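**Q** Just so you know, the protein sequences line up as chains A and B, in that order. Just so you know, we're using the numbering used here here: the first sequence kicks off at 1 and counts up by one. Just so you know, we're using the numbering used here here: the second sequence kicks off at 1 and counts up by one.
There could be a bad hint or two in this list.
Each computed DSSO-like pair below joins lysine-lysine, with the alpha-carbon atoms no more than 30 Å apart [stated by the list, open to error]:
hint	chain 1	residue 1	chain 2	residue 2
1	B	K259	A	K127
2	B	K259	A	K445
3	A	K289	B	K256
4	B	K61	A	K335
5	B	K113	A	K289
6	A	K256	B	K114
7	B	K113	A	K86
8	A	K445	B	K61
9	A	K256	B	K14
10	B	K114	A	K445
11	A	K445	B	K256
12	A	K127	B	K83
13	B	K162	A	K384
14	A	K289	B	K162
15	B	K256	A	K335
16	B	K306	A	K445
17	A	K395	B	K150
To be clear, the hints were calculated from the coordinates, so they are not data collected in a lab. Quick caveat: nothing in here was measured; it's all calculated off a predicted structure.
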Amino acid sequence: MALTGIEIYKYLPKTNCKECGFPTCLAFAMKLAAKAVELSLCPYVSDEAKEALEAASRPPIRLVTIGTGERKIEVGNEVVMFRHEKTFYHPPGFVVRVKDSDPDDAVAKLVADVADYSVERVGLELKMDGFAIDNESKDSGSFIKCVEQVSSKTDLPLVLMSQDPAIMGQALEKVASAKPLIYAATKDNWEQMTELALKHQCPLAVYEPTGLGELAELVEQVTGKGVEDVALDPGARDFGQSLTTLTQIRRLALRKSFRPLGYPIIAFPGDAGASMEEEALLAGQQVAKYAGIIVLDHFSPGIAYPLLTLRLNIYTDPQKPIQMSPGIYEIGTPKPESPLCVTTNFSLTYFSIAGELESSGFPSWLLVCDTEGLSVLTAWSAGKFDAERIAKTVKEFNIAERLSHHSLMLPGHVAVLRGELEEELPDWKIMVGPREAVDVGGYLKQHWAA
Amino acid sequence: MAAVEVPTEKWTGKVHEVTLGGNGRKSVVIGGASTLPFLHFEGSLPHRPVIAIEVQDSEPKDWSPHLIDAWGDVLADPGAWAKKAVEYGADIIALSLKSAHPEEGDTGADEAKKSVDKVLSAVDIPLIILGPGVAEKDNEVLVAASDVAKGQRVALGNCEEKNHRTIAATCIADGHVAIGHTPLEINLAKQLNILLCDVGIPRDSILMDPDTGSLGYGLEYTYSVMERLRLAALGGDAMAAMPMISPAGAESWRQKESKVTERVPPSWGDHEERSVIWEQLTAWTVLSAGTDILVLRHPRTVERMKALIDRLTSESA
């Protein structure tokens, strides 16, 4: 938990020696609380105080990195139970399970399909994040071969799944530099797995399904030996268990600052779901409640796209709504004679009107103005959706060139802009549409005689 | 090793219980939760969330071929459609009087009465009756529907802030439940509940629809508005404690991902697979946020949601 300036002040020498560069210890404490300076500026701070302050400034859920480079997975460091309390920061990584018992060509195809997958949404490229290679065969030769095959095809982060430390050790000799997640240390193998994690500087998953107390104990043994980057597997597999256990772990970490469970969680929705749809639904639940790495047994674009969309939705910062880029959007397949509607670039506003136009049966042009992510009425009252700005957008994107008419439809809520807009755009006919998006279909039927 | 002590919430409030049906008809009790969805370890969830299947009073013109295939030839007959919905596992029929919309046929009170009567006599489960969403027509057809369904304790909606008095009055007169709908904002939802209580509807006769944005189309807002409303209810705010209803089916099936079949990027995958999971993920997410009544369209979504609710209700994890 972050400390306040006053709480930090209690740990300082209170001598006001000014050697830190601040006039008083209290002033220095305030700067520390704002994370504007380092504690090391104080030459007289005691070791005890240092430890207490460092512990307090550590995040309650450790940020853990899997893989290297641009596509590395960073998870953890969450600070709230509910996204509306602040935001969820690090979207869970979706990794697809590859079994070393599967034929080479099946593995090759799966790896290529997943690694190449990309889908565009609100201007973002959504992708899958990595692979979990499972030592299903229990055979070291097959595992090493599979690990080599996958890592030769992709730079995406890996999870290595084997409970046999000897096999894990051999695999790590091949790919440790890619910083895979080692899955997993158990109460039987933890000493050897811990040695491997330390030797290769890789994150280590800890699996202990008998209870949170037992899991915490095993984590403490592992971290006691020096492993810092841990992922938790409490073994909660079905919907209800996962919801309950992951909620409890998140609460312990955030509300009780319980360090042994202050790590991201790895989840296996496929272990509970008999069908691909069930797996997707459990994965969806775990996106919101509260997984860090989600290992999927299936990959299919028709499922991946909705799941990636869900992750994008849940991990959108509620304080910073997604904005559409300003410009011309085609709804359906509009023709030069199709209607032109104007709206703001708040994503929800865009989606409301785009959805209604989509189902209205009128292919349309939708011109999105930059209102800094504000909705129609809010933007209008903030002076960010006025005649001048609309006229500028009309000209900037040269929408007239794509039309055989000069009619433009305003949202009904800003009917008041009509007069000014007629002055700004003298050769245009300004129409005032309905106030609510839901009525746009009816409005067009009545007023758009195309 | 001693067991870890898990922090539990000591909630003071609970969701109001609302009963639909009865009086010869099967009845369903909704609400009553004194903890967040499916968290059995710290509160009681006396009534499981329920599934309503949407039935329209006239044959849908713009439905996806996957929905039409799934339902077959009953779509032209609300009575037959409702019967089949019961076979598919509906707890409630949500009858949409869509044909009363000025753009969809502009039918009136007489037609509404006939449709409601057909469905009431075809099935013995409770009904939700929804107007076309145009204030004037809602008043006309819902008042008529209310009269036909008198004594059957149906839910009538939607009441909007600017248009709640007529529907509220008819609910009071005929002993029905009112559904209040507000646009994605916790305070507006509470305010409408207050207005409905002020005109005299008892607290156990109000459902709230705080607005559903489907997956990819505002789901994050719905999710957080529902979570906040439910947290407020558990925290003791009686005006946030009405059970929630979500038209997750209709909202999902009207999106591009479900509707459009041509010029679709290959990364969107198979159309049927995508559109059904779109509805399922939307439904599952709003259910996790506190929805008490899901209104759905595809039979497979109904089956799946019922199975998951079973699992989460029976598991005492």
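**Q** Look at each hint and say if it fits the structure.
**A** Quick rundown of the hints versus the structure:
Using a Cα cut-off of 30 Å, the hinted pair B/K259 and A/K127 holds, with the two alpha carbons roughly 23 Å apart. About 20 Å separates the Cα atoms of B/K259 and A/K445, which keeps this hinted pair within 30 Å; it holds. Between A/K289 and B/K256 the alpha-carbon distance is near 27 Å, which keeps this suggested pair within the 30 Å criterion. Restraint check: the Cα-Cα separation between B/K61 and A/K335 comes to about 24 Å, which is no more than 30 Å; the hinted pair holds.
Between B/K113 and A/K289, the direct Cα distance comes to roughly 45 Å. Violation of the 30 Å bound is thereby established for this hinted pair. At roughly 60 Å between alpha-carbon atoms, A/K256 and B/K114 are farther apart than 30 Å, so this suggested pair is violated. For the hint pairing B/K113 with A/K86, the CA-to-CA distance comes to about 49 Å; that exceeds 30 Å, so the pair is violated. Using a Cα cut-off of 30 Å, the hinted pair A/K445 and B/K61 holds, with the two alpha carbons roughly 16 Å apart.
Of the pairs offered as hints, the one joining A/K256 and B/K14 holds, with about 26 Å between alpha carbons and a cut-off of 30 Å not exceeded. This hinted pair checks out: B/K114 and A/K445 have alpha carbons roughly 28 Å apart, not beyond 30 Å. With a C-alpha separation of about 21 Å, the suggested pair A/K445 and B/K256 falls inside the 30 Å cut-off, and the hint holds. For the suggested pair A/K127 and B/K83, the alpha carbons sit about 43 Å apart, so the restraint of at most 30 Å is broken.
About 28 Å separates the Cα atoms of B/K162 and A/K384, which keeps this hinted pair within 30 Å; it holds. Our distance criterion of 30 Å between C-alpha atoms is broken by A/K289 and B/K162, whose separation comes to about 37 Å. With a CA separation close to 19 Å, the supplied pair B/K256 and A/K335 stays within the 30 Å bound. Among the hinted pairs, B/K306 with A/K445 is inconsistent with the structure: their alpha-carbon atoms are about 40 Å apart, more than 30 Å.
Of the pairs offered as hints, the one joining A/K395 and B/K150 is violated, with about 59 Å between alpha carbons and a cut-off of 30 Å exceeded.
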